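The hints should help you fit chains B and C onto chain A, whose structure is shown.
Protein chains in written order, with this note's numbering: chain A, 1 to 515; chain B, 1 to 510; chain C, 1 to 497.
For the record, the hints were derived by calculation from the structure and aren't laboratory data.
Computed from a predicted model, the values in this text were never measured in an experiment.
Careful, some of the hints might be misleading.
Unchecked claim - Below, a list of computed lysine to any residue pairs in the SDA-like style, where the Cα atoms sit at most 25 Å apart:
| id | chain 1 | residue 1 | chain 2 | residue 2 |
| --- | --- | --- | --- | --- |
| 1 | A | K29 | B | P467 |
| 2 | C | K494 | C | V64 |
| 3 | A | K194 | B | K461 |
| 4 | A | K169 | B | Y313 |
| 5 | A | K194 | B | V492 |
| 6 | B | K379 | A | K194 |
| 7 | B | K27 | C | V64 |
| 8 | B | K113 | C | I441 |
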Amino acid sequence: MDFINNNLLTLIVFSPAIFAVLMLIIPTKDRGLKYAALIFSLITTALTIYLWIQYPAATSDPAGFKFVVNAPWFPQINSTYHVGVDGISLAMILLTGILTPLGILISFRITDRVRVYLALFLLLETGMLGVFASLDLIIFFIFWEIGLVPMYFLINVWGSKNRQYASFKFFIYTMAGSVGMLLAIQVLWFALGKTYDMNAIQAALPNFSGTLFGLPAQTIKSIAFWAFTIAFAIKVPIWPFHTWLPDAHTEAPTAGSMLLAGVLLKLGAYGFLRIVLPFFPDQAAQFSGILAILALAGIVFTALAAFGQNDFKRLVAYSSVNHMGFVVLGIAAAAASYGSTDPAVKASAVIAVNGAVLQMFAHGLSAAAMFALVGVVYDRAHTRDLNELGGLWAVMPIYGGILIFSAMANLGLPGLAGFPAEFQVVRGAWPVFTLITALSMIGLLLTGAYVLKAIQKVLHGPVNHELLHHTEMTEINWTERLALAPLMVLMLAIGLYPFWLMGVINQSVTKLIGG
Amino acid sequence: MNSPFPFLTLITFIPAVAGAIILLMPKERGQLIKVTAAVVTFISAVLALFIFFTYDQTKGGYQFIEGPYPWVQSLGISYLVGADGINLVMLILTGIVSFMGVLISWGINERPKEFFAFFLFLVAGVYGVFMSLDLFLLIFFYELSIFPMYFLIANWGWPVTREYAAMKLTLYLLIGSIVALIGLLAVYFSADSVAMGLQPGEHTFNMLKLAQGNIPLAVQRFWFLPIFLGFGVLAGIWPFHNWSPDGHVAAPTAVSMIHAGVLMKLGAYAALVTAVKLLPDAAKEFLPFIIFLVTINVVYGAAIAMVQKDFKYVIGFSSVSHMGLVTMGFATMNQVGLNGAVLQMFSHGIMTALFFSVVGMIYDRTHTRQIPELGGFIKFFPIVGIAFIIGGLASMGMPGLSGFVAELQIFMGLWSGPANGAIYPWYPIIAILAIWGVVLTAAYVLRVVQQVFFGDWDPHKWHDLRPINLGDKFVLVTFTLILIVVGLFPGVLMNMINSGTAPVVKLLGG
Amino acid sequence: MTAEQLNQGLWAVLPEILLFVVGAIVIAVDLIQRGKNRRVLGWLSTLGVIGVLVLVVFQTAPMVTSNATYEPFFSGMIRIDLTVQLFRIMFLVAAALTCLISLDFKPMKQSSEYYALVLFGTLGMGLMAASNNILMLYLSLETTSICLYMLAGFMRDTRPSTEAGMKYFLFGAFTSTIMLYGLSLLFGFTGQTTYQGIASALANLDKLPVMVALVLVLVGFGFKVAAVPFHMWTPDVYEGAPTPITAFISVASKAAGFAVLIRFFVLVFGPVQEHWVGLIAALAVATMTLGNVLAISQKNIKRMLAYSSIGQAGYVLIGVAAVGYLGTAAVLFYLAAYVLTNIAAFAVVEVVTNTTGSELIKDMAGFSRKSPAVSFGLLAAMLSLAGVPPLAGFFGKFYVFTAAVGYQATDPVTGLVTHPLVWLAIIGVLNSIVALYYYLIILKVVYVDRSEGDTTEVQVSGTLKIGLFIAAAGMLVMGILATPWYDLATQAAKLLH
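So that you can see chain A by itself, here it is in the shape it has in the complex (with noise of 0.2 Å):
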């Protein structure tokens, strides 16, 4: 037990990477693979879990984190495996490890080379779980990019028509975005005296003064700044860099949507967190106010993209951009806050991150059960066209009772995940930015409008009766009710009590602004 309480989180992070290894090499054939996949991955959740409960009881290092590791790994240019937690990766940890059995057990339809397909997804879990875990910027971009690669193929070869214009899209945007991003690492590097520990950069950067290659400590400050903000907004994906999400999602197996939605999505608003505020206030509190911009019109444009879309995966997809805005306005109220000492200001800047990170869990939670809902329709009807189903709920309706379900908690209906997070964040990014934030209303309502559209168009209407034809529309199974079921569990248990979430993010939020 020693051994585990140890090196719990280097179990967590690795204990994927291995079981994708014995996936490789265990010898049983198709259903044995999912059932082992599903063991191991369940293995790694049991893990998470258990990290979740010691956490409170944990002793934390000066800097916050918990479960800290610190070994040499690369002496040469002074990096180390450096590992820890705090509330906010405690969460997406959680999340992470939640969602990849359920990822898994929807994943029993795939039937072509399904033991490289379990490999990748088990090994984009250690790198989804090991960003989360590092404090260490080089360990943090290996994991970053060691992701990468996984979706990549799980998209390409596993993934609908058009898959590898987009799988080539969604690693070429992500690729370019966290070149900038090293490059920006290595300036850190080279600027603060030869260190990758995020905890010593984040101490010295204050005091970095002077010039560099030339230039003001100010504005190479600013262009790191914008380094790791393009990268990771990349990755969010914040407009108008999420132009590859819709492809990579529609195109995606619908695991990979569960999993590129449910957690990629939230490495990129887990850098800013991260990375970006910590690091850089002043610059943050400088172009925050681009940030929440920015945060409007992904909230405004891509609510009005999705009402506009046919395809149902590809609107449930810009419905994920369309809530990561509000991700974003609750970062952007937090990087406001860094600018001004009022109290006022900082406690509503913790209410919008605690809103921010709380969305993000219930986001990782609704999108999921969403794509996997999508996917469940796709996989009996082979038609995304909102136009070609129709009156569903007759024929599958315990399939319509779940979507409905799904699809309030990601409207955010009182009662649901949703609710909660949204409103945090409008109520703490209001005094910071009014206009901004009535102006997102909007999106609020057209979030309703598109959520209804497509609840309108599968379930209700005339029912299409030449797919029905040709295609037997059968109830929703076992195995997908199972995968969906800790999902409304999770929604329904945020929604109604949020605090047992809240406790431990808001204490590190609280720690992160400084309020």
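Positioned in the frame of chain A, the structure of chains B and C alone reads:
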């Protein structure tokens, strides 16, 4: 100080002698010839690895020295070889790639005798260059390794372009090497005999002594570029890179592997030990400008690779791009950058050898390399596909693989600036430009992967393809494992490289 | 002249005397057996030359160890030193190999005159190298030339050979007249005929007339070494002459030309070297550039080798221009390498023409499949000519370039030491690239191209194989163990200067 046992000499001369013996074998005994070649390259590789692991890193410097044994005494030419942290990495690279090259060439049935003899001469020459500590010996081996290339390409290469490419390659490389030779002669004559501990008027080709020769600054300035770029031709420095894609494409698989995998490093290595180590003052002045050329290498090579239709040309141009990073690492003139450059040499050597072996395996079976004509091969050759993908990820600098560790350090080197404290404002800009080469690399690698391995499989066009054999699998798995191990545990090589580059940094730092 | 001096003198020219004797014996044997078994004549000549070679080596050995310089013999007509001995060795090796590869040269009747002329020509060369007096120089030079004129036109019943002999003769006569005029001017200026006498008298003379004489003399030497612009005879003579004779002309005669050139210029014109280094350098540039460039477009292998040998002469001239022991040693080494290499090349040409009956390069296609061993000899020869390690040619080029880069001059104005011939080395380098191109083309035709019926191996005569093997092994040995000969050359060169 001398090595009690002639390890290094054996490493070079075993292949050379075996090459001669193979020439005497009856040509009907193809199998015997192949086995001989495999055994010989294996022995050399094992010896190289043995030295690698017994080298004393804490002591550093040149170890396992043999010589100086006088050769042409009146001119100060001697047989002198030794190993340090830089060339040991190159030696094991040569060992690995040459052994794999023989395995890959198992299917050669057209005049195997001549093929393997030339191949072994080539390998001997390459080993020789890496271990030479005598300038003349270095040139000797350098040219010795150029010529077998001509015959290997012209005889066993791709019939469409082999004659043109072989000739182009040989002439380019020879021009470079002899221009460098003239420069080295000028250095030889201008070194201060007394400071080197010789009689006045006496000269020496011993590089260890020449390093103390107080070469006059005017000589350094005048001859640095001819020497550096002369060898740089083989490293594919723009605009002298033109021979390289043509040569790679026309060469038979094993030769492409050795060529891109090891031979191009010969150019970079020779430029480092001659131009940079013997003319450090001029190096400090010129390298910051040479970096512009290699930036073009990095970006232009990748951009051109992206528009190629021929699979092998893509790889050929990717080598141009990656070798640019090596020289860029030299030009950073600091510890971390040089470390990155040397590791990049190793890592690129392995990954490009992997690429070429994959291209060879596919071409041997399909007889086409046109990317649009291929498709879906991962179904048929999963191991080939996975190996190629991992190599491709390494080449685009994906973390967890060796390419990342190398490229990361090169870019870190760029930010840090030269070790002597000079500040060149364009270094950061170069970093920003050059990193686009990495993005372009990702683009062309993915393009190939998508079409060749994941594109649509045409069951009518590709039927009864010969499966890959055990040797091929072994090659692919070994290369892949090396890329992963170095990527995850860079320490295996980095400590060694660090001990080798430290003296160079000291030279450039003062 | 005392008896002891006479003895010494006779000992010094004993090789030439013996060559004459061998020649006489060959003729006598032919007369006795009435031209029945002509192979005996070839073997006799070959063995005779080898015997003389042994003698020369035997003569040379004490000179190496004692490091002594000898006074001129026969009233200053002849002077023997280490340089001369080294040149003699080259001539004799060339002659021996020529006789050997002549044995099975098919298109020609190997009569006793043929071998005797080769031997007498070699005799003349030995005296050329050893001469220390302008009279002796002219006589020996003509002795050699006349023998070679006849040999070039030896295949009287074929037009090209007759034309070659005629052309060679006309050119030779013309240039030697000019040279004679130059020599007479020197005599007129100084009243001396020995090298030393002329050299010491020259020091007090006005430079302009001396330069005129020098240029005139150079015309004659230039003809012998086939330097541009006195090279015009080369392609036609090489093409027309019997192949073994082409080999002989291309190596021995050229080496002899360089022997007199370097000795005459160092010993006679040494004091005025700053006036002619540039001239020789210019000659070197013109020679190697023209030779190499024109060689590219040749379709006949013998013509190609003719231009190639012009190019090779250009490299040697670099060594001549780089006055000093480095330069002379480089020349001595280069020529030795060149002797072996070019004879090997022509031996292969002989094999090819014997089997295919054609001298065209394209008809050599696929020859590596017909005869791997001979083709390997060609490979070695071509790569050695191109200057590729580990063959002798590489070291030759290396030494020549080293000499050029190392040539020092003191700037008369500033007093600084400069290296003024570096540019020459660079031009040499560029030329060697051009040369590499056409050498590789030959190898490509032989190794890569295919022709009909190239799968059956051809029979090659034993003598040619032996000759080829000796030459190729020599190339390799001189390459890898380059030291002994180069050390000898350095020692000789240091003595000369």
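These are the hints, each one checked on the structure:
1. The straight-line distance between the Cα atoms of K29 (chain A) and P467 (chain B) is roughly 23 Å, inside the 25 Å bound, and the hint therefore holds.
2. Among the hinted pairs, K494 (chain C) with V64 (chain C) is consistent with the structure: their alpha-carbon atoms are about 12 Å apart, no more than 25 Å.
3. With a C-alpha separation of about 56 Å, the suggested pairing of K194 (chain A) with K461 (chain B) is violated against the 25 Å cut-off.
4. For the hint pairing K169 (chain A) with Y313 (chain B), the CA-to-CA distance comes to about 23 Å; that is within 25 Å, so the pair holds.
5. With a C-alpha separation of about 22 Å, the suggested pairing of K194 (chain A) with V492 (chain B) holds against the 25 Å cut-off.
6. With a CA separation close to 46 Å, the supplied pair K379 (chain B) and K194 (chain A) exceeds the 25 Å bound.
7. For a cut-off of 25 Å, the pair hint linking K27 (chain B) to V64 (chain C) is broken: about 46 Å separates their Cα positions.
8. This hinted pair checks out: K113 (chain B) and I441 (chain C) have alpha carbons roughly 22 Å apart, not beyond 25 Å.
Hint check: violations occur at hints 3, 6 and 7; the rest are consistent with the structure.
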